[in-house]
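Q: Chain residues, written in single-letter form:
Number of protein chains: 2
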Amino acid sequence: MVEWHAMKSIPIVQLGFGAVGRELARQLLAQREALAARYGVSLDYLAIADSAGALYTGQPLSAEAVLAAAEAKAAGWPLSDAGGVARTGSLATLRLPARAIAVDVSASGANEVLLADAVRFGHRVVLANKKPLAGALTSFRALTEGGATRYEATVGAGLPVIGTLQALLDSGDQVVRIEAAMSGTLGYLCGELEAGNPLSAAVRAAHALGYTEPDPRDDLSGADVARKALILARTCGLPWDLAGIPAEPWFPPELAAVSRDEFMARLEELDAPLAARVAEARDSGGALRYVAEITPDGASVGLRVLPAGHPLAGLRGPDNLFSFTTTRYAERPLVVRGPGAGVPVTAAGVLADIVATAREMRP
Amino acid sequence: MVEWHAMKSIPIVQLGFGAVGRELARQLLAQREALAARYGVSLDYLAIADSAGALYTGQPLSAEAVLAAAEAKAAGWPLSDAGGVARTGSLATLRLPARAIAVDVSASGANEVLLADAVRFGHRVVLANKKPLAGALTSFRALTEGGATRYEATVGAGLPVIGTLQALLDSGDQVVRIEAAMSGTLGYLCGELEAGNPLSAAVRAAHALGYTEPDPRDDLSGADVARKALILARTCGLPWDLAGIPAEPWFPPELAAVSRDEFMARLEELDAPLAARVAEARDSGGALRYVAEITPDGASVGLRVLPAGHPLAGLRGPDNLFSFTTTRYAERPLVVRGPGAGVPVTAAGVLADIVATAREMRP
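From first to last, the protein sequence lines stand for chains A and B.
With my numbering, the residue at position 260 of the first sequence is 260, and numbering never jumps.
With my numbering, the residue at position 110 of the second sequence is 1110, and numbering never jumps.
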């Protein structure tokens, strides 16, 4: 039990109040007292903002106000009506205390400058939002310099991926190769294909169940996997841009420009080519997986036939898997596996980052 | 690049200068400048001590002095002759600066009080030595209260096990079950048994190669696995002692008391019972593994026949594997796998803990 007089208040400014943002708020508030007792840090919401409004009074928000706003938002009310205020200008206009943690759990592509400014002024950043790290390399560097930003949940949700990689690098290990299956949706589809189901049926079923993005091409393009591969590569210090990591899409170029409805109607066109890849894998005794491979010489993202003994070949269904081959883990890799998506585990990954950051902000 | 004026000197006091201790010194000194540039912390050796002596001048030790002492120690000189001084009294007599990191990479069972005192006086602790955490529960609590001690390398060497578990707990997740293969030596022996080799031959070969402890019963007793299971359980907040985690030994009681030479001569007595267990596993289509299982209701450590689909059944050879089933990772566990022993990865695990701790000690 930490003495009360040593308690340090850590102001939290949260950007994004969707499913992950609301779950984060619930988890944080539920853990608040335990974390205060354990680490002597009091995580205090100062503001929660999304595109429609903000909860902000200039004083720490009460748990009741945050939870009521979460309920209202979940019921469809905009944050400005859910006990909040209409959002005016950027978060930069908030009067932040000396040192706060800015948490981005939105999917916004417009927060890069705000977050980089926060770091410049001595605040810390925690991200589940990939976009601020997958844009300009200068933004990545501005955010991550000096370890000011944690971003475990951007890759593999709550799985220990970025922290593991950072620990390897901090100890002077050198990455030889990272191989990863980072899309639960594409992993699920690989499993369906191997079970003999046509891709069209698998995509339609996954779409109906909400396992895919509203437009399944956002999964099937591989762009999200490439973005995660870029974050891993940049974490290794590789000065790359997204253009340098071409992702192999599951559909031909002529289906990229059609409407979503037309794409869904023409899904059968993908069945034969994919079935051929599955047959190729089966004939070689291997497995078909959508894999990102990152080496110091370059990265590739696409469908691969892997030999039966490969760590990624043993993966089944929607689990993510990350295999780190390094100078010290040379003969046998360090492997992390498990569910790499989902609201509770993503929020938990963000909260663990907040705790680690808060522990560094104690006096 | 962190400005020099913001650089924080973090004094390091290292207990133990065996193979892991010397490798840690080499890794730390090689990474020192990079870590200073990245995080604004300067890791400065203040003292290195083992049972025979200490390097200690009251001033930070030069890299040259540390590396020379490491070479001399590796060549068989005691630390007191290797540029050091004869150790007098306990490390507690060292004059420590206000806040230091005490690093225990020894195998000593005599450091508990010293380390608990260090925590009490505001220092931080990093452990590869399991013993201070596997003794009295009060010592475990005194060391870990407030997160003052990191101990990643005590379980799974450099694999992200303790950090992963702590992050789950910090975010409010609840452990339902941890299943783990935590002994590379016993994993190797399971592999040899499954390949049809008699245990006696496998143990003799492993012993000759230095894969086992000098007395192989120190591995075959399962006591080391039980100690790691206790550390995992205590990390979960379970108030257990080692007596509550009985480990199943690979040898009968009558071979526990004989001399090492007699034990080695009578190894063939183990062949038939173990071969029967392997046959049992094979008949059921499963795999024989030496497994620790920890639940809130209790822990067990022993040889188990696992069904083919079990994550631990897929393990081959000396790799470690940790499977965390929690409230949030309920249907599919979070799994960490890889080499869980070895001098470089153990030292790297310690160094990563030192870095994480140092980052919390910045102004």
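Errors might be hidden in some of the hints.
Said to hold, decoys possible - Facing chain A, from chain B, some residues (calculated, C-beta under 8 Å):
no., residue
1, Pro-1097
2, Thr-1164
3, Arg-1204
4, Cys-1236
5, Pro-1273
6, Glu-1293
7, Ala-1313
8, Gly-1314
9, Leu-1315
10, Arg-1337
11, Gly-1338
12, Ala-1341
13, Ala-1352
14, Val-1355
Keep in mind that the hints were calculated from the coordinates and are not lab data.
The beta carbon of each residue, even a glycine, is placed where N, CA and C say it ideally should be.
Q: A separate judgement is required for each hint: does it hold in the structure or not?
A: Outcome of the hint check:
Using the Cβ-Cβ criterion of 8 Å, the hint placing Pro-1097(B) at the interface with chain A is not satisfied: the shortest such distance is roughly 17 Å. Given hint, Thr-1164(B) at the interface with chain A, holds; its Cβ is 5 Å from that chain's nearest Cβ, closer than 8 Å. The restraint placing Arg-1204(B) at the interface with chain A is violated, with a minimum CB-CB distance near 23 Å, outside the 8 Å limit. Taking 8 Å as the C-beta contact cut-off toward chain A, the hint placing Cys-1236(B) at the interface is violated, the least distance being around 13 Å.
Contact between Pro-1273(B) and chain A, as hinted, is not supported at the beta carbon level, the nearest pair being about 30 Å apart and thus beyond 8 Å. Below 8 Å, beta-carbon pairs count as interface contacts, and Glu-1293(B) has none with chain A, the closest being about 18 Å; its hint is therefore violated. Restraint check, Ala-1313(B) versus chain A: the minimum CB separation of about 11 Å is more than 8 Å; hint violated. A cut of 8 Å between beta carbons decides the hint on Gly-1314(B): the least distance to chain A is about 6 Å, and the hint holds.
A hinted interface residue such as Leu-1315(B) counts as satisfied when its beta carbon comes closer than 8 Å to some beta carbon of chain A; here the least separation is about 11 Å, so the hint is violated. Because the smallest distance between the Cβ of Arg-1337(B) and any Cβ of chain A comes to about 4 Å, under 8 Å, the interface hint for this residue holds. Interface restraint check: Gly-1338(B) against chain A, minimum CB-CB distance 4 Å, threshold 8 Å, status holds. Interface hint at Ala-1341(B): violated, since its Cβ lies 11 Å from the closest Cβ of chain A, which is beyond the 8 Å cut-off.
The beta carbon of Ala-1352(B) comes within 4 Å of a beta carbon in chain A, closer than 8 Å, and the hint placing it at the interface holds. Against a cut-off of 8 Å between C-beta atoms, the interface hint on Val-1355(B) holds, since the closest Cβ of chain A lies about 5 Å away.
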